[in-house]
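From just these sequences and the hints, can you work out the full model?
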Amino acid sequence: MAMSGMRGLSVFISDIRNCQNKEQERLRVDKELGNIRTRFKNEKALTPYEKKKYVWKMLYIYMLGYDVDFGHMEAVSLISAPKYPEKQVGYIVTSSLLNENHDFLRLAINTVRNDIIGRNETFQCLALTMVGNIGGREFAESLAPDVQKLLISSSCRPLVRKKAALCLLRLYRKNPDVVNVDGWADRMAQLLDERDLGVLTSSMSLLVALVSNNHEAYWSCLPKCIKILERLARNQDIPQEYTYYGIPSPWLQVKTMRALQYFPTIEDPNARRSLFEVLQRILMGTDVVKNVNKNNASHAVLFEALALVMHLDAEKEMMSQCVALLGKFIAVREPNIRYLGLENMTRMLMVTDVQDIIKRHQAQIITSLKDPDISIRRRALDLLYGMCDVSNAKDIVEELLQYLSTAEFAMREELSLKAAILAEKFAPDLSWYVDVILQLIDKAGDFVSDDIWFRVVQFVTNNEDLQPYAAAKAREYLDKPAIHETMVKVSAYILGEFGHLLARRPGCSPKELFSIIHEKLPTVSTSTISILLSTYAKILMHSQPPDSELQNQIWTIFKKYESSIEVEIQQRAVEYFALSRKGAALMDILAEMPKFPERQSALIKKAEDNEVDTAEQSAIKLRAQQQSQTSNALVVTEQSHVNGTPPVGQLSLVKVPSMSSNVDEADQRLSQENGTLSIVDSQPPSADLLGDLLGPLAIEGPPSSSVHLQPSSNSGVEGTVVEATAIVPAGEQANSVQPIGNIAERFHALCVKDSGVLYEDPYIQIGIKAEWRAHQGHLVLFLGNKNTSPLVSVQALILPPTHLKMELSLVPETIPPRAQVQCPLEVINLHPSRDVAVLDFSYKFGNDMVNVKLRLPAVLNKFLQPITISAEEFFPQWRSLPGPPLKLQEVVRGVRPLPLLEMANLFNSYHLTVCPGLVRIETDPADRTQLRMTVASGDPTLTFEMKEFIKDQLVSIPAIATRVPTQPAPTSPPLAQPGSAPAALTDPGAMLAALL
Numbered sequence: 001m002a003m004s005g006m007r008g009l010s011v012f013i014s015d016i017r018n019c020q021n022k023e024q025e026r027l028r029v030d031k032e033l034g035n036i037r038t039r040f041k042n043e044k045a046l047t048p049y050e051k052k053k054y055v056w057k058m059l060y061i062y063m064l065g066y067d068v069d070f071g072h073m074e075a076v077s078l079i080s081a082p083k084y085p086e087k088q089v090g091y092i093v094t095s096s097l098l099n100e101n102h103d104f105l106r107l108a109i110n111t112v113r114n115d116i117i118g119r120n121e122t123f124q125c126l127a128l129t130m131v132g133n134i135g136g137r138e139f140a141e142s143l144a145p146d147v148q149k150l151l152i153s154s155s156c157r158p159l160v161r162k163k164a165a166l167c168l169l170r171l172y173r174k175n176p177d178v179v180n181v182d183g184w185a186d187r188m189a190q191l192l193d194e195r196d197l198g199v200l201t202s203s204m205s206l207l208v209a210l211v212s213n214n215h216e217a218y219w220s221c222l223p224k225c226i227k228i229l230e231r232l233a234r235n236q237d238i239p240q241e242y243t244y245y246g247i248p249s250p251w252l253q254v255k256t257m258r259a260l261q262y263f264p265t266i267e268d269p270n271a272r273r274s275l276f277e278v279l280q281r282i283l284m285g286t287d288v289v290k291n292v293n294k295n296n297a298s299h300a301v302l303f304e305a306l307a308l309v310m311h312l313d314a315e316k317e318m319m320s321q322c323v324a325l326l327g328k329f330i331a332v333r334e335p336n337i338r339y340l341g342l343e344n345m346t347r348m349l350m351v352t353d354v355q356d357i358i359k360r361h362q363a364q365i366i367t368s369l370k371d372p373d374i375s376i377r378r379r380a381l382d383l384l385y386g387m388c389d390v391s392n393a394k395d396i397v398e399e400l401l402q403y404l405s406t407a408e409f410a411m412r413e414e415l416s417l418k419a420a421i422l423a424e425k426f427a428p429d430l431s432w433y434v435d436v437i438l439q440l441i442d443k444a445g446d447f448v449s450d451d452i453w454f455r456v457v458q459f460v461t462n463n464e465d466l467q468p469y470a471a472a473k474a475r476e477y478l479d480k481p482a483i484h485e486t487m488v489k490v491s492a493y494i495l496g497e498f499g500h501l502l503a504r505r506p507g508c509s510p511k512e513l514f515s516i517i518h519e520k521l522p523t524v525s526t527s528t529i530s531i532l533l534s535t536y537a538k539i540l541m542h543s544q545p546p547d548s549e550l551q552n553q554i555w556t557i558f559k560k561y562e563s564s565i566e567v568e569i570q571q572r573a574v575e576y577f578a579l580s581r582k583g584a585a586l587m588d589i590l591a592e593m594p595k596f597p598e599r600q601s602a603l604i605k606k607a608e609d610n611e612v613d614t615a616e617q618s619a620i621k622l623r624a625q626q627q628s629q630t631s632n633a634l635v636v637t638e639q640s641h642v643n644g645t646p647p648v649g650q651l652s653l654v655k656v657p658s659m660s661s662n663v664d665e666a667d668q669r670l671s672q673e674n675g676t677l678s679i680v681d682s683q684p685p686s687a688d689l690l691g692d693l694l695g696p697l698a699i700e701g702p703p704s705s706s707v708h709l710q711p712s713s714n715s716g717v718e719g720t721v722v723e724a725t726a727i728v729p730a731g732e733q734a735n736s737v738q739p740i741g742n743i744a745e746r747f748h749a750l751c752v753k754d755s756g757v758l759y760e761d762p763y764i765q766i767g768i769k770a771e772w773r774a775h776q777g778h779l780v781l782f783l784g785n786k787n788t789s790p791l792v793s794v795q796a797l798i799l800p801p802t803h804l805k806m807e808l809s810l811v812p813e814t815i816p817p818r819a820q821v822q823c824p825l826e827v828i829n830l831h832p833s834r835d836v837a838v839l840d841f842s843y844k845f846g847n848d849m850v851n852v853k854l855r856l857p858a859v860l861n862k863f864l865q866p867i868t869i870s871a872e873e874f875f876p877q878w879r880s881l882p883g884p885p886l887k888l889q890e891v892v893r894g895v896r897p898l899p900l901l902e903m904a905n906l907f908n909s910y911h912l913t914v915c916p917g918l919v920r921i922e923t924d925p926a927d928r929t930q931l932r933m934t935v936a937s938g939d940p941t942l943t944f945e946m947k948e949f950i951k952d953q954l955v956s957i958p959a960i961a962t963r964v965p966t967q968p969a970p971t972s973p974p975l976a977q978p979g980s981a982p983a984a985l986t987d988p989g990a991m992l993a994a995l996l
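Position 878 of the sequence shown, counting from 1, maps to 878 under our numbering, and the rest follow consecutively.
Treat the hints with care, since some could be wrong.
Unchecked claim - Now the in silico label distances, taken between C-beta atoms and shown as ranges:
#	residue 1	residue 2	range
1	V390	E334	46 to 56 Å
2	N296	N214	26 to 36 Å
3	D15	T802	25 to 35 Å
4	R113	S320	23 to 33 Å
5	S793	V955	37 to 47 Å
6	H102	E334	43 to 53 Å
7	K22	P884	20 to 30 Å
8	R272	T802	48 to 58 Å
9	C19	D848	52 to 62 Å
10	R195	L64	15 to 25 Å
What the hints assert, rightly or not - Under the rule of at most 20 Å between Cα atoms (straight-line distance), these lysine to any residue pairs were calculated in the SDA-like manner:
#	residue 1	residue 2
11	K370	F944
12	K511	W555
13	K887	D373
Just so you know, these hints were derived from the structure itself, not from any lab. Where is the CB? At the ideal position from N, CA and C, for every residue including glycine.
Written out as structure tokens, the structure reads:
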């Protein structure tokens, strides 16, 4: 930007930079916008210099994030200026401020077209750049033919033709149905003969887009692409400016090989031989060097060459060479290179006859499973999963089971699922399969889904020879003093069905089986109790004629649960008790379960549904996916997940919980109609939050002070970034009715409490009562009319941030005198963020129209839950987390010095429980107002959000922190855990605030 000499612009920028806070900046911006608006009203009096200066200021204000809703016409009018300085400003500001659908762009089309077809190359470049940036449909319809002519013109300089190719690429991607490329095959072939590498690179990007939609029309370009690769591989006629660390134009090489992958396998023997010679040269000439930039460029070319080799179905000798090269990569120290080697080796598994070659590197791949970098461990797991077959299944599954004991929690679910699938697909015998699954449940029960033990039950039920063995193994695991609940389920089921087959073995009589199973009853959940009741009934059935003592014990249990509040348990207890009194007939009623019908494994189907990792896609699948996109497919991206469901194994730290079943349940609740109106009489109801306020209050009397909120610690949301429309400071709300009490203090109090008053004025009181469970929250807004006249035109609108899904029930337009309305509000947290939701509430009383915008206390700490973890478990897991962005450290300044107990109380109030023995506060002896803080989690977004959240609390510790009620000290130190799936119950990152 040529802004030298624009003193007014320089002064304005300096003023903005010198602002002490956001409020000063906004006032300075508003003043400048008012000045610009005034000057634009008399546009004829403006000189070109002044107009250019004010348009620059508009662009700077827009870049600061403020809305600029005027001056667009002045910016567009500068495009038609005859001089370069004004025209440059017009093009830059127009392309920045206006989108493709803006009406003012139509006014500039003719001017832009005149610049494109004109003779001034500088103006051509400006016009092409703006058209490429905006890429609208009207631009495509009006300007695409002229851009095509520029591209193939022999009289234009390479700089203009290069911009024309990129501009046409943008128009074609945005509007492929408008840009006419029929008959362009010959023109593209001519462009590929271009000697200028800049034009050639831009044209190759355009070719990639064209062949991705229709490769049949561009067969004539294929030999030209091979010649380009030959020229680059031999470094023939390559200018120095296009040589990057000794590599001839790596970008052009990558794009050319990507274009070749859209053509079917090449059959021409000469073309195939020439291409393989080039690929052989690339494979032989690539090695790992110390220079990072050269590594990046050479490896980009190499991995694209590997993809092309797989696509061409090369000879086994070349495939072996590729695998050997990747084997060298996975053994180097540089983690990025190891990652790329593992990822590309996984892709090569899709090629036939390569799996045996990859098996030679199995030991090195298993070593990568213990790498400090979790991304490398994931790629190693994917590769082991893909290369497993009958010959190496035992070794790989045993390694996975061994690794399961030390694996971090973020990988255990994926690890468990893949180990279970491999055991099922490649089991040499079913007894080995049972052993593997039971070991899996024993070592990682929290991460073993029900589908896994369901599948074991199916196999055992359908194979009679396996039943005694499975029952004996289940009996062995029950002898352990502490086993996971999933193990209790599967063992109880198997012993209930097949425990009678062990009757002659010591310790396996019906009475002994019942005794050892019943020991687990007090520690299990209601779903497991249902299975145990069925097991008791089965044991009683198999003990005919009945043992009176055993029968009485089981009947006592049935009678106990006949009055259970759980319908399923109650029904089973009643029915089993009635059935067990039928004597010998019980044998027929509770006979063994029939064999399950053959069906597709739910585990394999689950893995297929969740398999979105691009490393597990073949080159053919990859190309098919790219053909459905409009990009040039140079970067492979992961697919998104419907409803936010994370793929298997992607368990974030403060797991913003799994959104599968829970979201559906929440959606069902959201669809219910709510909004109960209750008339309050003189006797206040005890159950209502505001009931004690509404009874005695009337408009004639003084405002109530019966509810007195004790100020609490600052929530730290003051510094939160919120949408521009989300928060209006109280001072700007032009209401004639003033609130009672401090709105900010009420909000901060509710950030650490679940009920209280959010807002109050002489006419209305708004209270909140909340319940939080995992990633969901259920809030009730209590709208209480305090006076003897109705409140009319009542409206409530929720302005949620992007990470919250919120739905407010219907709010009545009128609140009767001295009445209270309850309006449920459902909240679902989709991902970690410090942004807050806003309630835009308005009503009318007499001639007073009141409108307030209130922050809702659905803040980050509400979705945290404490878990229990010992110091011995915590520290190894904490150290296993790598550095940034998963572990962030910052020196916090401006902290009010507090004793350790008071600081622990402060954190307790925000659900960040401090574990005794796990906290060390390092302060500067010379300055007690600063300390060092380290926050770690398995999710980089969460780590950053929590670090900023905790820092806000430390910097703004209020004096009232010492009066925050403390939670009773746990017997073993609990850590803060997000409301998430049970899979993260022992996640090391769940200790969100370790002040180390």
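ask   = Does the Cβ-Cβ separation between D15 and T802 fall within 25 to 35 Å?
value = 32 Å, holds
request  = Mind checking the hinted window 20 to 30 Å against the Cβ distance between K22 and P884?
outcome  = 27 Å, holds
Hint check for E334 and V390 - Cβ pair distance inside 46 to 56 Å = 35 Å, violated
inquiry  = Holds or violated: the 48 to 58 Å window for the beta-carbon distance between R272 and T802?
reply    = 51 Å, holds
ask   = Are the Cα positions of K887 and D373 separated by 20 Å at most?
value = 13 Å, holds
ask   = At the C-beta level, are H102 and E334 separated by a distance inside 43 to 53 Å?
value = Taking Cβ atoms as reference, H102 and E334 lie about 48 Å apart, which means the hint holds.
request  = Given the range 52 to 62 Å, decide if the beta-carbon distance of C19 to D848 lies inside it.
outcome  = Since C19 and D848 have Cβ atoms about 36 Å apart, the given range 52 to 62 Å is violated.
query = Should the hint that R195 and L64 are 15 to 25 Å apart at their CB atoms be regarded as holding?
reply = Cβ of R195 to Cβ of L64: about 45 Å, so the range 15 to 25 Å is violated.
message = Does the beta carbon distance between R113 and S320 stay inside 23 to 33 Å, or does it fall outside?
response = Since R113 and S320 have Cβ atoms about 57 Å apart, the given range 23 to 33 Å is violated.
key: Range hint compliance [Cβ, N296 to N214, 26 to 36 Å]   = 33 Å, holds
query = Do the beta carbons of S793 and V955 sit within 37 to 47 Å of each other?
reply = Given range 37 to 47 Å: holds, Cβ gap about 41 Å.
query = When you check the alpha-carbon spacing of K370 and F944, does it fall within 20 Å?
reply = Roughly 26 Å separates the two Cα atoms, so the pair is violated.
Going down the numbered hints, you'll see the structure goes against 1, 4, 9, 10, 11, while the others check out.
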